[in-house]
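Number of protein chains: 2
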Amino acid sequence: MTKKTDIANLGEFGLIRHLTENIVLKNDSTRKGVGDDAAVLAYTGKEVLVTTDLLLEGIHFDLMYVPLKHLGYKSAVVNFSDIYAMNGRPKQITVSLGVSKRFCVEDLEDFYEGLTLACDIYGVDIVGGDTSASLTGLTISITCIGEAEKDQIVYRSGAKDTDLICVSGDLGAAYMGLQLLEREKSVYRGEADFTPDFGGKEYLLERQLKPEARKDIVESLAGAGILPTAMIDISDGLASELLHLSKESHTGCRIYEERIPIDFQTASMAEQFNMNLTTVALNGGEDYELLFTVPLALHDKAAALNGVKIIGHVTNAALGNCLVGRDGGEVGLKAQGWQDGRM
Amino acid sequence: MTKKTDIANLGEFGLIRHLTENIVLKNDSTRKGVGDDAAVLAYTGKEVLVTTDLLLEGIHFDLMYVPLKHLGYKSAVVNFSDIYAMNGRPKQITVSLGVSKRFCVEDLEDFYEGLTLACDIYGVDIVGGDTSASLTGLTISITCIGEAEKDQIVYRSGAKDTDLICVSGDLGAAYMGLQLLEREKSVYRGEADFTPDFGGKEYLLERQLKPEARKDIVESLAGAGILPTAMIDISDGLASELLHLSKESHTGCRIYEERIPIDFQTASMAEQFNMNLTTVALNGGEDYELLFTVPLALHDKAAALNGVKIIGHVTNAALGNCLVGRDGGEVGLKAQGWQDGRM
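Protein sequence lines correspond, in order, to chains A and B.
Taking this note's numbering, the leading residue of the first sequence gets 1, the next gets one more, and so forth.
Taking this note's numbering, the leading residue of the second sequence gets 1, the next gets one more, and so forth.
If you're looking for bench data, these hints aren't it; they were derived computationally from the structure.
Mixed in with the good hints there might be a few duds.
Covered by chain A, per the in silico footprint, the following chain B stretches (three or more residues, Cβ under 8 Å) [stated by the list, open to error]:
1. 51 to 57
2. 76 to 87
3. 125 to 133
4. 150 to 162
We put the CB at the ideal spot given by N, CA and C, even for glycine.
Let the hints inform the model, and build the full structure from the sequences given.
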């Protein structure tokens, strides 16, 4: 039987100490981590990037099918993704947890195990930890601090007419993974009569439960000497992020349906669920891929990037934001957004 | 009748824009505020301080008697207090809100009004804003970033045997304010038969509902050329914070009951509630005063500081942490802590 230690046994300060005592600081920029009124960081000659995410049980995640270890991993990674989207490197996180009585010390250990694993892989230090009681469910608030050379920071606002629009990886898989998990949850509840079946759908589950931030793409770009003109990470769906880029850059865009990267498992699952595949890829969200623009002159360099696809180009604002279909017809992009969707 | 606009009318992005569109950035170190994947800060030659607080409805605050504007003000100020406790200056905050359906746009405007007021008074920029739906109640997560000269940062760990222990302001008032509000809440609910009466207790209410961070004390210390050896802000009660200082500094302490600063209203209220005044001052919490230690050689300078009282001295660790009573008897300090108490 699994051991379940009541959090009250440790007390608030004891719990924080227990969860953070084995942290080994990795970065030179971390001068003081957990344990004082504030963390102390030293960013000599670099600019400092700060991003924060609030994740609430029942809104952003469902513990019915998300293991706490995966949740810890994902909570960290989605923040790293925002730093990479500025062409920066994540270096520190602070973690605040609100925890209701149904959680035990071992649950939080699982969460921290995932969190720590992500931090080890991405070279990030946990510099602040805070836990508090909560009346209902689990609340997770993570702030990530990163660094970038001043002249290497990439904003959403720098896209120019004729720039190429590029996207890393493939889209829609995390959303289909969510659909799959929701279906299996219905099975579990006896609300549907499917037989649980994850065979051949491992990729979809992995994309939903254990996403990665595209550190590799940011490094490839630097290696290839490409500084994107604009960049954003795809958390709310390709369409929504394209509209953000266009709005901030005062531009428009044309992207081509046939060029949107989609994995075979995503396509097969969408067919099974009778969903429009392009809609899934445009609006699914939680892909944590990078969407960026590069000057047309860098076409060959961009085309040669591993795991990156050119899906369209930037236009002037008057032309609007359109998807060019396989038949050549154009439809306006809308941020359908799964409002208040998952992480 | 007060106007109540449904948050769904604006949508998530519309709401953030609405709440943050009038922000004017004040600090040179703020390069990019709300509106990209991350905020961009430039801290040339200074070290960066980061602190974060998670505030949950029903645990840290009760909207039955805390107006949202006050809550916004207090949420910001408690974070500033942590930065001052490092001898730093707060410069930026990010704000994440989880909001249930019972809140309307005007509620969040009230919250932001208080938040913005605090930021204006303390010279802080709001650089990140995020709102999300929540299943129950209001969740507030604020991260504050500040700066300090490298050789001016004061940790909890620097106290030395024979150092003087100093505290700013007075203690226990915020806790008595809370007791008063809780009593009036009982009245309102018909659970008690007191007549609501706040006359002559304004200071207690102010300390609970609209606390200030001790920017002035940090400035006085700098002005007097005093660099404390250790410092912490008093959020969980004097006793608890003294134990933190002693633990981190590997020291002990003696503080004198008769020297603990207490306001007349606090004393009179404690008597009315039949509570032990010293216990209130030691364990009440939410004072947001600064507790710091200075070398004995600086006695005269410290004694001359306005609004600061010397309450005891640091000892070696073997002597433990004691309160010396009015009768000269010693009792060990315990972090009684109102576990999971208010902010």
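Going through the hints against the structure:
1. Remark: the stretch 51 to 57 of chain B is confirmed as covered by chain A, as 6 of its residues place a Cβ nearer than 8 Å to a Cβ of that chain, reaching the required three.
2. Judged by the Cβ-Cβ criterion of 8 Å, the stretch 76 to 87 of chain B is covered by chain A as claimed, because 4 of its residues qualify and three suffice.
3. Counting residues of the stretch 125 to 133 of chain B whose CB falls under 8 Å from any CB of chain A gives 5; the rule of at least 3 is met.
4. Under the rule that three or more residues need a Cβ within less than 8 Å of chain A, the assignment of the stretch 150 to 162 of chain B holds, with 5 such residues.
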